[in-house]
Amino acid sequence: MATDKELSDFLKSVEKRAWKRAVYAVRDEDAALDIVQDAMIRLAEKYADRPAAELPLLFQRIASNATMDWFRRQKVKNQVVRNFSDFEPAGGDGEFDILETLEALGSSLEHESAADSVSRAQILQMIDGEVAQLPARQREAFLLRYWEELDVAETAASMGCSEGSVKTHCSRAVHALAKALRAKGIGS
Amino acid sequence: MNTPTSTINGTAAREAIESRFARRIASRLTERVETAPPEIGERLRFAREKALVTARAARTNVELQGTGAQGSAVLGFSRSPWWPRLASVLPLAALVGGLVLIEDWQTRSQISVAAEVDAALLGDDLPINAYRDAGFAEYLKSQSGE
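Here the protein sequences come in this chain order: A and B. Mapping of the first sequence onto the working numbering: residues 1 to 188, in sequence order. Mapping of the second sequence onto the working numbering: residues 1 to 146, in sequence order.
Isolated chain A (complex conformation):
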């Protein structure tokens, strides 16, 4: 059974990321706060007796459900279905050189003294904006897998899809981000 401290530490470690993920989904900071609070209460109410190790996956699932509940309450179910479906760009990036972009992105972020007219804060804002523009399922897979650091199986369980779908969503998200950031002059 997770102690008060364990639960508090866990919630503290995930709350801002959970809020941001909810913001990406509902595009409303206040609504996102309500969703995170709702998810925290649900976790505490129903799973307070679970071991601390089980909390991350439980919380991700509860947060996803709380977000879906918010959409239901807003009666925009049709929009949700549209947002959560897989609208992928035709074609794809093919042999797009992700390594080049990756290295350049790392360089531009880690060596601020380089002759770069774009400030670090602006770069972070750009990345934030590009993540927000990803298709919902791609973004959810990407954030769960790499931001929440769930493994592929846990991400699949949380999203209710196959592991193969998670890999596909993540790969497409990475390519879309790399392409968008390069188009904005980051990593070029």
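By construction, these hints were calculated from the structure, which means they are not laboratory data. Since we're looking at a predicted model, the values are computed, not measured. Be aware that one or more of the hints could be misleading.
[Stated by the list, open to error] Taking lysine to aspartate or glutamate pairs in the DMTMM-like style, the calculated list, with each CA pair at most 25 Å apart, reads: (1) A:LYS12 x B:GLU42; (2) A:LYS184 x A:ASP128; (3) A:LYS12 x A:GLU45; (4) B:LYS141 x A:ASP38; (5) A:LYS12 x A:ASP49; (6) A:LYS16 x A:ASP38; (7) A:LYS5 x B:ASP118; (8) B:LYS50 x A:ASP151; (9) A:LYS46 x A:ASP34; (10) A:LYS16 x A:GLU45; (11) A:LYS5 x B:GLU39; (12) A:LYS5 x A:ASP128; (13) B:LYS50 x A:ASP34; (14) A:LYS5 x A:GLU148; (15) B:LYS50 x A:GLU6; (16) B:LYS50 x A:GLU163; (17) B:LYS50 x A:ASP128; (18) A:LYS5 x B:GLU15; (19) A:LYS184 x B:GLU34; (20) A:LYS12 x A:ASP151; (21) A:LYS179 x B:GLU15; (22) B:LYS50 x A:GLU130; (23) B:LYS141 x B:ASP118; (24) A:LYS12 x B:GLU39; (25) A:LYS12 x A:GLU163.
Starting from the known structure of chain A, arrange chain B on it as the hints suggest.
Below, chain B alone, put in the same frame as chain A:
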């Protein structure tokens, strides 16, 4: 021409590159979210504290249920679900049983009184038909009047 081995190696390398890139993006997102306005942090802290209060209440409920079950075990009652139902049915069964006994006692009492009257009438020197005679009834009235 690509051999299967080179394809597998290529795929693994590609996945590794994607993973590195993704983790770097994720670390930038963390950096970004840490700059969220202070009021967001405050509201999240409030939500967290509310959740902790809820968790304490939930744990207390679980412990109370456990204590109740242990108490029943100490008294020799099992935790089987039929016991509470039996406990609620017992008073009703006692009431019904009591009513049946009262009814039986009243019936026996009425039979006993009737038997005593019959025995007195049959054991008397005067024949029963005498009580149906109007003249004899007048005689009894006059006797009681005196």
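Evaluated hints:
1. For the hint linking LYS12 of chain A to GLU42 of chain B, the alpha-carbon distance of about 11 Å falls within 25 Å, and the restraint holds.
2. Simply put, LYS184 of chain A and ASP128 of chain A have alpha-carbon atoms about 13 Å apart, close enough for the 25 Å limit, and the pair holds.
3. Taken as a hint, the LYS12 of chain A and GLU45 of chain A pair is honoured in the structure, with Cα atoms around 17 Å apart against an allowance of 25 Å.
4. Taking the CA atoms of LYS141 of chain B and ASP38 of chain A, the gap is about 95 Å. The hint is violated against a cut of 25 Å.
5. Distance check on the hinted pair: LYS12 of chain A and ASP49 of chain A sit about 18 Å apart at the alpha-carbon level, within 25 Å; holds.
6. Annotation: proposed proximity of LYS16 of chain A to ASP38 of chain A holds, straight-line Cα distance about 14 Å (limit 25 Å).
7. The straight-line distance between the Cα atoms of LYS5 of chain A and ASP118 of chain B is roughly 89 Å, outside the 25 Å bound, and the hint therefore fails.
8. With a C-alpha separation of about 30 Å, the suggested pair LYS50 of chain B and ASP151 of chain A falls outside the 25 Å cut-off, and the hint is violated.
9. This hinted pair checks out: LYS46 of chain A and ASP34 of chain A have alpha carbons roughly 18 Å apart, not beyond 25 Å.
10. Taken as a hint, the LYS16 of chain A and GLU45 of chain A pair is honoured in the structure, with Cα atoms around 21 Å apart against an allowance of 25 Å.
11. Proposed proximity of LYS5 of chain A and GLU39 of chain B is supported: the alpha carbons are some 23 Å apart, at most 25 Å.
12. With a CA separation close to 31 Å, the supplied pair LYS5 of chain A and ASP128 of chain A exceeds the 25 Å bound.
13. With a C-alpha separation of about 13 Å, the suggested pairing of LYS50 of chain B with ASP34 of chain A holds against the 25 Å cut-off.
14. At roughly 20 Å between alpha-carbon atoms, LYS5 of chain A and GLU148 of chain A fall within 25 Å of each other, so this suggested pair holds.
15. Distance check on the hinted pair: LYS50 of chain B and GLU6 of chain A sit about 15 Å apart at the alpha-carbon level, within 25 Å; holds.
16. Distance check on the hinted pair: LYS50 of chain B and GLU163 of chain A sit about 35 Å apart at the alpha-carbon level, beyond 25 Å; violated.
17. Proximity of LYS50 of chain B to ASP128 of chain A is assessed by CA-CA distance (about 29 Å); at most 25 Å being required, the pair is judged violated.
18. Proximity of LYS5 of chain A to GLU15 of chain B is assessed by CA-CA distance (about 37 Å); at most 25 Å being required, the pair is judged violated.
19. Straight-line distance between C-alpha atoms of LYS184 of chain A and GLU34 of chain B comes to about 24 Å, which keeps the hinted pair within the 25 Å bound.
20. For a cut-off of 25 Å, the pair hint linking LYS12 of chain A to ASP151 of chain A stands: about 21 Å separates their Cα positions.
21. Our distance criterion of 25 Å between C-alpha atoms is met by LYS179 of chain A and GLU15 of chain B, whose separation comes to about 16 Å.
22. For the suggested pair LYS50 of chain B and GLU130 of chain A, the alpha carbons sit about 33 Å apart, so the restraint of at most 25 Å is broken.
23. Simply put, LYS141 of chain B and ASP118 of chain B have alpha-carbon atoms about 22 Å apart, close enough for the 25 Å limit, and the pair holds.
24. A C-alpha spacing of about 15 Å is found between LYS12 of chain A and GLU39 of chain B, which places the hinted pair at or below 25 Å, so the restraint holds.
25. Only pairs whose Cα atoms come within 25 Å are accepted, and LYS12 of chain A paired with GLU163 of chain A is rejected, the gap being roughly 29 Å.
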